[in-house]
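> Chain residues, written in single-letter form:
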Amino acid sequence: MTGGDGAAFERFFTEYAPRLFRFVLPRLGGSMHDAEEICQEVLGRAMRQIGGWRGEASLLTWLFQIARNEITDHWRRKGRSANVELLAEDDPAVAAAVESIAEDAARRPDRLAERADQLRLVQVAMDRLPANYGNALEWKYIDGLSVVEIGKRLAMNPIATQSLLARARNAFRDAYTALSPDGAQGIPFNLVDPSP
Amino acid sequence: MNTPQDPLAELIRAAGHRPEPSAEVMGRLRAGAHAQWQAGLRERRRRRLFAVAAGVAVLGFGALLLSVGRFSEAPSIVARLTQAGDHQIVRARPDADVLDSDLLGVGDELRTPASTGITLAQLPQGTTSLRLAPATRLRWKSAERVELLAGAIYIDTSHGAPGARAGDATANPLVIEIGAARIEHIGTQFMVTRRDDRTEVRVRDGMVRVTLGDESRRLVRGEAALVPSSGEGTIETERGAASGIVWQWVDGLAPRVPIEGRDLLTVLKTLAYEAGLELRFARPGVEATARGTTLHGPSLDLPPRDAMRAVLASSDLFIADETRADDGTVLIDSR
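Chain order of the listed sequences is A and B.
According to the working numbering, the first sequence is numbered sequentially starting from 94.
According to the working numbering, the second sequence is numbered sequentially starting from 95.
Hints in this document: simulated from the structure, not taken from any laboratory.
Among these hints, one or two may not hold up.
[As the list claims (entries may be wrong)] Sample of chain B residues with no beta-carbon within 12 angstroms of chain A, all distances over it, derived:
hint, residue
1, Arg187
2, Ser209
3, Thr213
4, Ala229
5, Phe412
[Unchecked claim] Here are the computed lysine to aspartate or glutamate pairs in the DMTMM-like style, where the Cα-Cα straight-line distance is at most 20 angstroms:
hint, chain 1, residue 1, chain 2, residue 2
6, A, Lys171, B, Glu309
7, A, Lys171, B, Asp308
8, B, Lys363, A, Asp98
[As the list claims (entries may be wrong)] Derived coverage of chain A by chain B (criterion: at least 3 residues anywhere in the stretch with Cβ under 8 angstroms from a Cβ of chain B; other residues may be distant):
hint, region
9, 95–104
10, 107–115
11, 209–217
12, 258–270
Glycine included, C-beta positions come from ideal geometry on N, C-alpha and C.
Isolated chain A (complex conformation) (with noise of 0.2 angstroms):
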């Protein structure tokens, strides 16, 4: 992107954008308003300074880092402290655990959230998945496709996309572990699919 190529940003973009939405807007109160203007603000701070991003931390976390200084001075700003709503993953034990999500899963969160709490930590856990592997994960799961079908999607032959689905369930159950151990306790998740 540094380099003017459109077509880094639109990967950039299409990649992160809709992450970074939904990381901001349960940290606004669910305002559609706001979560805009916010994810605008991210995403043009990060656009002006990304030639200095190195990679010490991943683009993702890097964004997300940009997001809550953007949330806490807004909260400011509304004359109201920071983090007003306390989601499950700003837990600073839990967010370690998300930031690094490929890492020793036996850092463990310490807080269990309610049943919605650890759906919506699925939707996190995938959040934080490489694109592809949570897209592939909601494709197969919720929307009932095929591997071939899937493979489509992205380009892929049937048995890289079968591939692609077993690194995914790994990953997400790791993910979906380190943040809501409870939440997994007695899932025996499998870590080949049953349902090829």
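With chain A fixed as given, assemble chain B onto it according to the hints.
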């Protein structure tokens, strides 16, 4: 088919699809992010060139000040007229005749007659261009702040030589004041019109921030804002075409586009940019055909859309659907 023995699948199904922002929201976010990305690219390019140009710029500016004859007393120069035409400059200082007739200083007011508009460039970089509609009065409060007293202005912060995209918003900040309202650009083409009861802001490309008191709204391409002239009330936003009849006076002051020796694709991109249209090609290969077609002839002295038809008439390409211009796009196809 998913079997009940797959708890992972059950969990994902129970959670449901992750919510997606609407296409409208995504469109606005994309437009805003793209504008900022382009501004960032230009800023980095400008910094690389600045080290080389700095010494030359200092010498050149010094020579300009000396040429007006009164180095220590000349007012700060903020703009230069770029197109000859009827106009009146009301100088802030009666003794400011030291300035050349095509230069404006801080405090000067530029007025256009009822019949014609005029164009000028913001100095010192010269890469932000302004077009004043007929019956417009614009006063320069400082190098980066103007007050629209009457009429309408159009600002293009990306404009250098025709077809080029020199300069950037951060290096050429410009704030337009109208009563209590303030309009700031963030790398864009936009128009501001002062009417009796309201001010209209229309964005052709990029992003603009409109502020009235504590209220601030961000506009991107295809959006418009209405600001009450009284300064009381709120900013209303609405959809606004980036091309069409409301932009007619702007298009009439578009710069002449040279074509000699240039390829058709580059010329079409320039004209589409000036017309506020997105250029699309009906089929693969059409764009390549445009790139491979070399034009010859004098510069086009036509409004951008008419110029587009003129250059296409000499080729095998044509505008496939004129009505799409109402949607802000122009579709090119081959015969």
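> Against the earlier hints, flag every one the structure doesn't satisfy and list their numbers going up.
Checked against the structure, no hint fails, so every one of them is satisfied.
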